[in-house]
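Grab the two chains, each in its own frame, and use the hints to assemble them into the complex.
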Amino acid sequence: MNQYRDKGVVLRTYKLGEADRIIVIMTQDHGKVRAVAKGVRKTKSKIGARLEVLSHVEVLLYKGKGLDTVNQVELIESSAPLHADLDRLTQGLSMLEAVDMISEDRQPSPHVYRMLVGALNALAQQASPLVLAAFYWKLLAAEGVCPQMDKCVTCNSDAPLVAFNMIQGGVQCKECRTGVSMSQSAILLLQQVLGGQLNFALAQAATPATAEITHLATQSMEHHIERRLRSVAMFERG
Amino acid sequence: MNSAYTPPMQALIDALGRLPGVGPKGAQRIAFHLLKSDSVDVERLAHSITEAKALVRFCDHCFNFSDGPICRICDDDRRDSSMLCVVEESRDVIAIEKTGEFRGRYHVLLGAMNPLEGIGPEQLKIRELLARLDTEGVKEVILCTNPNTEGDVTAMYLARLLKPLGLRITRIASGLPVGGDLEYADELTLGRALEGRREMPG
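Sequence lines, in order, name chains A and B.
Residue 3 is where the first sequence starts when you use our numbering, and the numbers rise one by one after that.
Residue 353 is where the second sequence starts when you use our numbering, and the numbers rise one by one after that.
Next up, chain B with everything else stripped away, as it sits in the complex (with noise of 0.2 Å):
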C-alpha cells in the first residue's frame, strides 16, 4: 500500500511514534504541528534534542542525569553528606527533590533486581553504592525503591547487604494518599499504613 504521506513526512511520523506514550494519531498530530510551525520554533526544538543528548551524562558519584562529571545534588556543600537515598532511576530523584523533605544524597541504582527477568545485582550500580558508603562517611541510608516486587527484593538484598556495615537502614514508608479515602483504599496499602503507623504528639 502507498503510504498518503509523502517520504520526508512519514520517516518524521514514524519517529515521532516511537516516543514512549505517543501512537500514531499523536504522532500525526505533532508531526503536522510541527510542518505549520516557524521553521525558527523547529530548529530551536531540534537544537534542545541534540544538545541534551550530547550534554547530559550520568554522574560520575550518583549515576543521576547531569550536564557534567558530577551532578549538581553531588557538588551542592550544603546537602547532607551523612543521608543517603537509593533511587531506581534518575526520576525517582526528581520526585523525591519536588517534596522539598530531603536535603541529603542521592544514589541511582538505574534499575531494580527482578529474579524472574534474570536482572541481578551485577547489573545494578550496587558495588558503585558499596564504595561510596566507605569513602563519604554516610551514616543512614534510605531504601527508595518502589513498593513492588522488584523494589521490594532489591531493598531487601541492600538492607542484608548494608547491615553488618553498622549504618541505619531505613525503607520508605508505604500508605495512604494524601487527600485520598480510606474506604478505597486497597488491603496491601492500608495493612501496611497500619503497619507503619507513628504515635502523634500530644
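For reference, chain A alone in the conformation it holds in the complex (with noise of 0.2 Å):
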C-alpha cells in the first residue's frame, strides 16, 4: 500500500504555489516526513488550521516519489493553549526548530516524537520556567550528548564542581576550570533534570539557576547542531 496513516507534530509548513503548503512533520512511525497539502491556504479548506505549526494530529499520508501527499487530518491535540501566549509560543517554536535541525528525513525515531509531544503538553498545562531547557537537555541525552554531571569531566576526580564546559560535555572542579563557570543550585538542577527527577525540577519557579540553565542549553543544543537557533535568537538574546 501506498498508503500511511501515521502521528505526528507539525514541525514547520512552507508555502507552495498558490494556496498549497509543503508541511514537515514528525511522525511516531516513519521519522520526519515532508509532504504537500493541497489548497490548504484557501479560507474554505477543513484542514488548514489542523496543520499549522504545532498541531498535534493524525495524518493519512500518500507515498509519492519525492513529497507525500496529506490526505486526511485528525487532530488528536489542540495546539490552541499554545497558541493564546507569546511566551509559550516562542518555547513551543524552539523546540520544533531544535527538532527540525537534529532529525533526518525518514529516520524512524519515536522517541523524539514521545519527547515533542510532552514536552509540548507540559508546555501548554503549566508555564514551568525549565520546559524548554529540560526539552533540550533530554533531547541531547537521547542524541548521546549527555553531559557529564556527578564528577569533573576531565579530572574525573570527586573534588567540588564549579564550571561547565560543553566541548568536553560536563562539568569541572576548580583545578580542571576551563569552561563557564556554574551556580552549585544550577548544577544541582540540571543533575536532578538529567537524573530522573524531572518533575520536580519542573515545578521550581524561576530563579537565576534556572536562567543559567536555560541559556546554557541553548549553547550546548546550538553546539551540538553547529548553527544558531533562529526561534532563540529573536526574543531571549534580542
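Bear in mind the hints are in silico, worked out from the structure with no lab data behind them.
Be aware that a few hints might be false.
Claimed, not checked - Here are the simulated DSS-like cross-link-like pairs (lysine-lysine), alpha carbons at most 27 Å apart as the crow flies:
id: 1; chain 1: B; residue 1: Lys-450; chain 2: A; residue 2: Lys-17
id: 2; chain 1: B; residue 1: Lys-405; chain 2: A; residue 2: Lys-40
id: 3; chain 1: B; residue 1: Lys-515; chain 2: A; residue 2: Lys-44
id: 4; chain 1: A; residue 1: Lys-17; chain 2: B; residue 2: Lys-405
id: 5; chain 1: B; residue 1: Lys-515; chain 2: A; residue 2: Lys-17
id: 6; chain 1: A; residue 1: Lys-44; chain 2: B; residue 2: Lys-377
id: 7; chain 1: A; residue 1: Lys-48; chain 2: A; residue 2: Lys-17
id: 8; chain 1: A; residue 1: Lys-17; chain 2: B; residue 2: Lys-477
id: 9; chain 1: B; residue 1: Lys-477; chain 2: B; residue 2: Lys-450
id: 10; chain 1: B; residue 1: Lys-477; chain 2: A; residue 2: Lys-46
id: 11; chain 1: A; residue 1: Lys-67; chain 2: B; residue 2: Lys-377
id: 12; chain 1: A; residue 1: Lys-48; chain 2: B; residue 2: Lys-450
id: 13; chain 1: A; residue 1: Lys-67; chain 2: A; residue 2: Lys-48
Stated by the list, open to error - Just a sample of chain A residues kept apart from chain B, beta carbon distances all over 12 Å, derived:
id: 14; residue: Ser-80
id: 15; residue: Ala-86
id: 16; residue: Pro-112
id: 17; residue: Ser-159
id: 18; residue: Thr-180
id: 19; residue: Ser-187
Since this is a predicted model, take the numbers as computed values, not measurements.
All C-beta atoms, glycine included, are put in the ideal place defined by N, C-alpha and C.
Structure, rendered in C-alpha cells:
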C-alpha cells in the first residue's frame, strides 16, 4: 500500500504555489516526513487550521516519489493553549526548530516524537520556566551527548564542581576549570533534570539557576547542531 | 534541445512563467494571445506595467502602496485617526476596505514575524508604528494579522509592546465564514468562534 497512517507534530510549513503548503511533520513511525498539503491556504480548506505548526495530528499520507501528499488530517491535541500566549508559543517554536535540526528525513525516531509531544503538553499545561531547557537537555541526552554531571569531566575526581565545559561535555572541578562558571544550585538542578527527577525540577519557580540552565541548554544545543537557533535568537538575545 | 519557439517568443514565455500562479502552459497561452492581439493593446499593457512600476511606492505613513509620498487613506481627513488597523500586507488593506466596515487608518507591517525563519520585529515596520502612535492621537489599535502562527506571534508581540502605552488593543476575531456549515468547520476555528461569542440584542 502506498498509503499510510501516522501520528505526528507539524514542525514547519512552507508555502508552495498559490494555495498549497509543504509541511514537515515529525511522525511516530516514519520519522521526519515532508508532505504536500493541497489547497490548505484557501479559507475554504477544512484541514488548513489543523496543519499549522505545533499541531499534534493524525494524518493519512500518500507516498509520492519525492514528497508525500496529505490526504486526511485529524486533530489529536489542539495547540490552542500555546497559541494564546507569546512565551509559550515561542518556546514551542524553539522546540520544533531543535527537533527539525536534529532529525533526519524518514529515519524513524519514536523517542524524539514522544519527547516532543510530552514537552508540548507540559508547556500547554503549566508555564514552567524549565520546560524548554529540560527538553533540550533530554534531547541532547537522547542524541548520545548527555553531559557528565556527577564528576569532573576532565580529571574524574569528586572535587567540588564549579564550571561547565561544553566541548568536553560536562561539569568541571576548580583545578581543571576551563569552561564557564556554573552555580551550585544550577548544577544541582541540572542533575535533577537529567537524573530522573524531572517533574521535581519542572515544579521549581524561576530563579537565576533556571535562567543559567536555560542559557546553557541553548548553547549546548547550538553547539551540537552547529548552527544558531533562530527562534531563540529572536526573543532571548534580542 | 532546440526550442520550438523563436528566441523573442521564448523570452516572453519565460518572463510570463515567472509570474505568480502562471505555469508553463498558461505562459504559452498568454504569449500567443498577446502576439495575436492589436499592437495598440499590447502597447497599453506594456505602458501600464512600466508606469505602475515607476509611480507606485510605499506611503511614508502607513507603508501601503501609494502613488505619492502619502497614500489616499492617510490623506483623507474624513477618516477616523483614533483607530489604527495593523495589517501584514497591502492586499490586506484592500480586503478590509472592501468590507466597508472600517473608517479608521491603516498601518502595513510589510510581513509577519516568523521565529522559525528568523524574521523578527526589526525587519517589520514596527518602529514606524510606534512613532505614529505618539503623534497621531491613536486610541485603539486593531491587530489584523493573519490567524496563523506567524500572525499570532506578531499580534501577541505587538500587544505586549503596546499595552503599557495605555491604548485599547484589540485583535480581529476568528470565526465561521458566512454561508458556511457548522458541521464542516474545523475544531480550531469553531473553538475560537465559541470563545469569541457575543451577546444577542433581544
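Evaluated hints:
no., hint, verdict
1, Lys-450/B x Lys-17/A, "holds, 26 Å"
2, Lys-405/B x Lys-40/A, "violated, 33 Å"
3, Lys-515/B x Lys-44/A, "violated, 32 Å"
4, Lys-17/A x Lys-405/B, "holds, 26 Å"
5, Lys-515/B x Lys-17/A, "violated, 32 Å"
6, Lys-44/A x Lys-377/B, "holds, 23 Å"
7, Lys-48/A x Lys-17/A, "holds, 17 Å"
8, Lys-17/A x Lys-477/B, "holds, 23 Å"
9, Lys-477/B x Lys-450/B, "holds, 24 Å"
10, Lys-477/B x Lys-46/A, "violated, 30 Å"
11, Lys-67/A x Lys-377/B, "holds, 23 Å"
12, Lys-48/A x Lys-450/B, "holds, 25 Å"
13, Lys-67/A x Lys-48/A, "holds, 26 Å"
14, Ser-80, "violated, 6 Å"
15, Ala-86, "violated, 8 Å"
16, Pro-112, "holds, 23 Å"
17, Ser-159, "holds, 42 Å"
18, Thr-180, "holds, 32 Å"
19, Ser-187, "holds, 29 Å"
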